[in-house]
Amino acid sequence: MRVLLTGAAGFVGTATWRRLVTAGHDVVAVDLLLPEAHGPGTREHPPGGLHVLDTREAPAWGDLLQGVEVVVHLAAMVGAGASAADLPAYAGHNDLGTAAVLAAMHATGVRGVVQASSMVVYGEGRYSCPEHGAQAPGPRTREALDAGRFDTPCPVCAGPLDWELVDEEAPLDPRSAYAVSKVAQEGYAAAWARQSPGSAVSLRYHNVYGPGMPRDTPYSGVAAMFRSSLERGEPPTVYEDGRQMRDFVHVDDVARATVAAAEAVLTRPRATHTAYNVCSGHPVAVADVARHVAAGSSRQLHPRVTGQYRIGDVRHVVASPERARAELGFTARVTPQEGLAAFATAPLRP
35 MRVLLTGAAG
45 FVGTATWRRL
55 VTAGHDVVAV
65 DLLLPEAHGP
75 GTREHPPGGL
85 HVLDTREAPA
95 WGDLLQGVEV
105 VVHLAAMVGA
115 GASAADLPAY
125 AGHNDLGTAA
135 VLAAMHATGV
145 RGVVQASSMV
155 VYGEGRYSCP
165 EHGAQAPGPR
175 TREALDAGRF
185 DTPCPVCAGP
195 LDWELVDEEA
205 PLDPRSAYAV
215 SKVAQEGYAA
225 AWARQSPGSA
235 VSLRYHNVYG
245 PGMPRDTPYS
255 GVAAMFRSSL
265 ERGEPPTVYE
275 DGRQMRDFVH
285 VDDVARATVA
295 AAEAVLTRPR
305 ATHTAYNVCS
315 GHPVAVADVA
325 RHVAAGSSRQ
335 LHPRVTGQYR
345 IGDVRHVVAS
355 PERARAELGF
365 TARVTPQEGL
375 AAFATAPLRP
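First residue of the sequence shown? That's 35 in my numbering, and the numbers climb one at a time after it.
Rather than coming from a laboratory, the hints here were simulated on the basis of the structure. Remember, it's a predicted structure, so these values are computed and weren't measured experimentally. No residue lacks a Cβ here, since even glycine has one placed at the ideal position from N, Cα and C. One or more of the hints may lead you astray.
[What the hints assert, rightly or not] Using C-beta positions, here's what the derived DEER-type ranges look like:
id, residue 1, residue 2, range
1, Ser332, Met35, 36 to 46 Å
2, Thr301, Asp180, 46 to 56 Å
3, Arg333, Ser162, 21 to 31 Å
4, Arg228, Gly126, 22 to 32 Å
5, Thr301, Pro173, 34 to 44 Å
6, Pro231, Ala319, 38 to 48 Å
7, Pro81, Pro205, 33 to 43 Å
8, Thr340, His85, 48 to 58 Å
9, Pro231, Gln334, 51 to 61 Å
The whole structure should be built from the sequences, with the hints applied where relevant.
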């Protein structure tokens with residue numbers, strides 16, 4: 035199978051590229067090499083076989099798309115964003131870039147796309163009140179967060195809520211610029227599938243970590259930020275009270291899921307779009323993430339829980355892995371406890 039892979043030089047893209055080639059697929063690799071993710075000077079010395087191109091200019095990629103059966107679209111700006119000033123960059127690279135890639139696919143007859151989405155599309159996760167059942171709390175207020183009230187109360191009785199696993203049928207409720215752009219990407223993929231017609235898959239990656247993550251940048255993942263702190267001899271800084279629940283999934287597992295989706299997407303009926311959670315299936319508190327990374331480091335520094343917050347963050351979001359297991363045959367192999375400890379000494383991107 036001939037596959038065009040965007041975002042091929044990112045840490046998820048690199049692992050996916052390698053796995054696609056190992057599986058015998060012909061890969062056309064594309065990446066813009068944004069300095070925020072790859073560091074300055076990388077564009078002058080790109081990896082061998084990589085086309086340094088901008089997804090926003092994809093309609094000019096006619097030659098590269100000839101013979102391509104599936105596009106695996108990983109290219110995007112990631113992270114919560116440093117400020118509202120990042121809004122145009124997310125809209126440009128993620129929204130417009132995705133729309134341009136899909137338009138180019140339509141023009142050249144490509145019939146399958148696998149698009150990298152994220153768990154951030156859900157906003158808050160799934161909750162239930164012991165007395166009032168399923169609940170969907172709204173965004174947390176600055177007043178509550180400033181007062182250290184991090185948990186989301188029941189909208190009916192203001193009592194405590196229990197978190198539950200989120201499946202792919204949950205309503206989407208983006209809370210940050212990045213999240214809004216991911217919902218848009220899914221929407222464009224679904225529209226393309228109906229109109230082209232083709233078959234589309236959106237993979238809702240949870241917190242991905244592993245070798246090759248960028249270091250010391252607000253656009254990096256929290257695990258890499260913990261790791262970078264340890265390298266500087268500083269304790270990892272944990273926001274809120276550290277009890278917020280997430281799912282952390284190793285990059286090798288993410289690459290396996292992505293290749294499985296690429297191999298399956300053309301077997302789906304035309305004019306369909308399907309979303310899958312890509313997660314470890316092992317929920318973990320953020321403070322424990324920092325402890326697992328520290329456990330693998332020779333410095334053995336205890337996390338520093340600050341009570342600080344980011345207004346775009348949600349309290350709990352933990353996914354159900356069942357649809358990916360049933361339909362893609364994907365089950366993560368690396369648990370957060372073992373993977374995060376090993377990540378403490380894995381190489382990062384400068």
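Hints versus structure:
{"no.": "1", "hint": "Ser332 / Met35: 36 to 46 Å", "in the structure": "holds (44 Å)"}
{"no.": "2", "hint": "Thr301 / Asp180: 46 to 56 Å", "in the structure": "holds (51 Å)"}
{"no.": "3", "hint": "Arg333 / Ser162: 21 to 31 Å", "in the structure": "violated (40 Å)"}
{"no.": "4", "hint": "Arg228 / Gly126: 22 to 32 Å", "in the structure": "holds (25 Å)"}
{"no.": "5", "hint": "Thr301 / Pro173: 34 to 44 Å", "in the structure": "holds (39 Å)"}
{"no.": "6", "hint": "Pro231 / Ala319: 38 to 48 Å", "in the structure": "holds (43 Å)"}
{"no.": "7", "hint": "Pro81 / Pro205: 33 to 43 Å", "in the structure": "holds (40 Å)"}
{"no.": "8", "hint": "Thr340 / His85: 48 to 58 Å", "in the structure": "violated (43 Å)"}
{"no.": "9", "hint": "Pro231 / Gln334: 51 to 61 Å", "in the structure": "holds (56 Å)"}
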